[in-house]
Amino acid sequence: MAATDLHAADLRRDERLERWKLFGLASPAILLVLVVLVIPVGWLFYVSFVGADGNFSLENYERMVSRKSYLRIFVTTFQVSILTTVLCIVIGYPLAYFISQLPTRWANLCLVTVLLPFWTSLLVRTYAWLVLLQKQGLVNQWAISLGLWDEPLKFVHNMTGTLIGMVHIMLPFLILPVYGAMRAIDKDYLKAASNLGASPRRAFWTVFFPLSTPGLFAGSLMVFVLCLGFFVTPAVLGGGRVIMVSMKIVSNIELFVNWGAASSLGVVLLVLTVIVLWIASRFTRLEQMAGGGH
Amino acid sequence: MTAKTGALPITVRDVTKTYGSVHALDSVSLNVKSGEFLTLLGPSGSGKTTLLMVLAGFTRPDCGSLKFGDDEMIRTPPHLRGVGMVFQNYALFPHMTVAGNVGYPLKLRNVPKAEARDRIDRALELVQLAGYGDRGIDQLSGGQKQRVALARSIVFEPRILLMDEPLSALDKKLRDRMQIELRHLHEQLGMTTVYVTHDQREALTMSDRIAVVNHGRIMQLAEPQQLYDRPANKFVADFIGDSSFLPVAREGAGVSFVGAKLQMEGALPEGNDLLLMVRPERVRLQTGDLPDDTNIFDAKVTELVYQGESYLLYARLPDGSEIAVRGAIREGTFGKLPQVGDAVKLGLHKADTVVIADGDR
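Chains as they are written, first to last, in the working numbering: chain U, 1 to 294; chain C, 1001 to 1361.
Hints in this document: simulated from the structure, not taken from any laboratory.
Heads up, the beta-carbon is just placed ideally off N, CA and C, and yes, glycines get one too.
In silico DSBU-like cross-links for lysine-lysine, where the CA-CA straight-line distance does not exceed 35 Å:
{"#": "1", "chain 1": "U", "residue 1": "LYS154", "chain 2": "U", "residue 2": "LYS135"}
{"#": "2", "chain 1": "U", "residue 1": "LYS187", "chain 2": "C", "residue 2": "LYS1173"}
{"#": "3", "chain 1": "U", "residue 1": "LYS187", "chain 2": "C", "residue 2": "LYS1113"}
{"#": "4", "chain 1": "U", "residue 1": "LYS187", "chain 2": "C", "residue 2": "LYS1107"}
{"#": "5", "chain 1": "U", "residue 1": "LYS187", "chain 2": "C", "residue 2": "LYS1145"}
{"#": "6", "chain 1": "C", "residue 1": "LYS1234", "chain 2": "C", "residue 2": "LYS1033"}
{"#": "7", "chain 1": "C", "residue 1": "LYS1234", "chain 2": "C", "residue 2": "LYS1173"}
{"#": "8", "chain 1": "C", "residue 1": "LYS1113", "chain 2": "C", "residue 2": "LYS1145"}
{"#": "9", "chain 1": "U", "residue 1": "LYS191", "chain 2": "C", "residue 2": "LYS1145"}
{"#": "10", "chain 1": "C", "residue 1": "LYS1173", "chain 2": "U", "residue 2": "LYS191"}
{"#": "11", "chain 1": "C", "residue 1": "LYS1113", "chain 2": "U", "residue 2": "LYS191"}
{"#": "12", "chain 1": "C", "residue 1": "LYS1234", "chain 2": "C", "residue 2": "LYS1172"}
{"#": "13", "chain 1": "U", "residue 1": "LYS191", "chain 2": "C", "residue 2": "LYS1107"}
{"#": "14", "chain 1": "U", "residue 1": "LYS187", "chain 2": "C", "residue 2": "LYS1033"}
{"#": "15", "chain 1": "C", "residue 1": "LYS1067", "chain 2": "U", "residue 2": "LYS187"}
{"#": "16", "chain 1": "U", "residue 1": "LYS187", "chain 2": "C", "residue 2": "LYS1172"}
{"#": "17", "chain 1": "C", "residue 1": "LYS1350", "chain 2": "C", "residue 2": "LYS1261"}
{"#": "18", "chain 1": "C", "residue 1": "LYS1067", "chain 2": "C", "residue 2": "LYS1234"}
{"#": "19", "chain 1": "C", "residue 1": "LYS1172", "chain 2": "U", "residue 2": "LYS191"}
{"#": "20", "chain 1": "C", "residue 1": "LYS1172", "chain 2": "C", "residue 2": "LYS1336"}
{"#": "21", "chain 1": "C", "residue 1": "LYS1107", "chain 2": "C", "residue 2": "LYS1033"}
Which chain U residues face chain C? A few, computed with CB under 8 Å, are given here:
{"#": "22", "residue": "ALA192"}
{"#": "23", "residue": "LEU196"}
{"#": "24", "residue": "GLY197"}
{"#": "25", "residue": "ALA198"}
{"#": "26", "residue": "SER199"}
{"#": "27", "residue": "ARG202"}
{"#": "28", "residue": "VAL207"}
{"#": "29", "residue": "PRO210"}
{"#": "30", "residue": "LEU211"}
Far from chain C, some chain U residues (derived; all Cβ distances over 12 Å):
{"#": "31", "residue": "LEU34"}
{"#": "32", "residue": "ILE39"}
{"#": "33", "residue": "ILE82"}
{"#": "34", "residue": "ILE89"}
Could you build all of it, start to finish, from the sequences and the hints given here?
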């Protein structure tokens, strides 16, 4: 045996052993994903291809194409998702910028206030909006007593209410990645820009904004994808006038006990979401959504 | 990039900046001559970077005046000051190419595209990066980034160039080469340059004049040789180069060490706390006859260190103080040096016998 083979076999075995140990740490999670995700989704696919008579059929998908109401539901879903995302950007980006320019201690305090509603139950927050926004709600009462408008405005049971609630719930998902990206921008870049002759406004648009776009993109994507499958808020604040895919799934099961129709909607929503993520992945690195750096 | 067009002198007067109770700058006044290469040298926290940031406009002082030429600049925002600056970490925009970075100041000044391309090419050529325009920033080595940062800061022909420890991130060999290159570039372009460093050798190598900064004050402003050979105070003597200090007593117009009068040239400083500054490489190990223009000290070797190109020998004087001696090693001299415990005679030529005042003023 050559001198270079000294302990070679043992060292290789140690290496293999370490890898298995590492894999072992992940096994509970892998098992969980298998049981609660892979198997049910597979089942979902299967059920979506079963017709009312119990045989293989494409009728669930045909219904989606042939009936206008289904198309409208998908349009509404995308409408709500896009509008929510845009509003989140308009409100969240400046706020994230403001927080990112604060000294660390104040920035952390602000982040806690951003996260605080995050830790409150979704249902509670949604019903709170219902209380605030309804006809006799606080917002209308105050606005009328202040003379801002004369008749109570309709804020709930429509698109407005849905958007208010959705934006409120989605904001942290946008602010956090944007803030992370902004915080990672070296302040010297802005100094350099200004030294080279850029006014503060010019420096922002030519240096700061482009460097923050990965975070903005990740945050927007997160909000958009979460919106696609959202249920509680549009159901409560939309008052039956804003019907999204998730709500149709529920009514298919609860009202019509049609598992095939519900499953096919689920499959289409899943496929659409995957397509959105796939397109997005061609423009950005998805790990940004999990707070990964540049 | 026409050579030597209208460099501007810089006049700093009574600039003070405090953070809480700390004086980052304590009423600093300084004149930088037109076209001069001036270095601000000092330990970290001395205020040298703060002063540079005041010049660039990134730090707003509490009070004081700053003039570029005849124009008061103290309230001018950084983007209107028209000075070039090389940042310590280069601050190259990661979302732009090399050409995008170098062309950035030209774009802001609405330079026509064709002319901008020309000037970018010339600037890159000047820093020996011709043909690198399309590279991304993360494809560059540290030295290349440094050159791009330099090209970007001079491409719009600023009349003043500021540099904040631009070489500190490079390895020693590259740093040595860049020092010479920067020096040549300065001679070529002739812009007034203020350079910040904590590296005294870098300062000595590159500067026309050096301002030694400590505790927010300028301790001495002088040409490199003056600074090294005739430091104004103990701080400067200690910070620049190695030195040993021996307490000496005033005796008439001269000084004496342990009773023996020293021969010396140059004037004595004020005050009664006087120190003899001894640079290790100026001390000679004296053998044989003793030249009469040299001060001789009897000493005993306490330590002998081999350092490659030179040796370092520590010797104790009769009064208990220790001085270091440095000498070149050649022709096998190291083996013939006195050993620890040997008695030696150390010679210090009267031209190298420099007395300074104790304290840092």
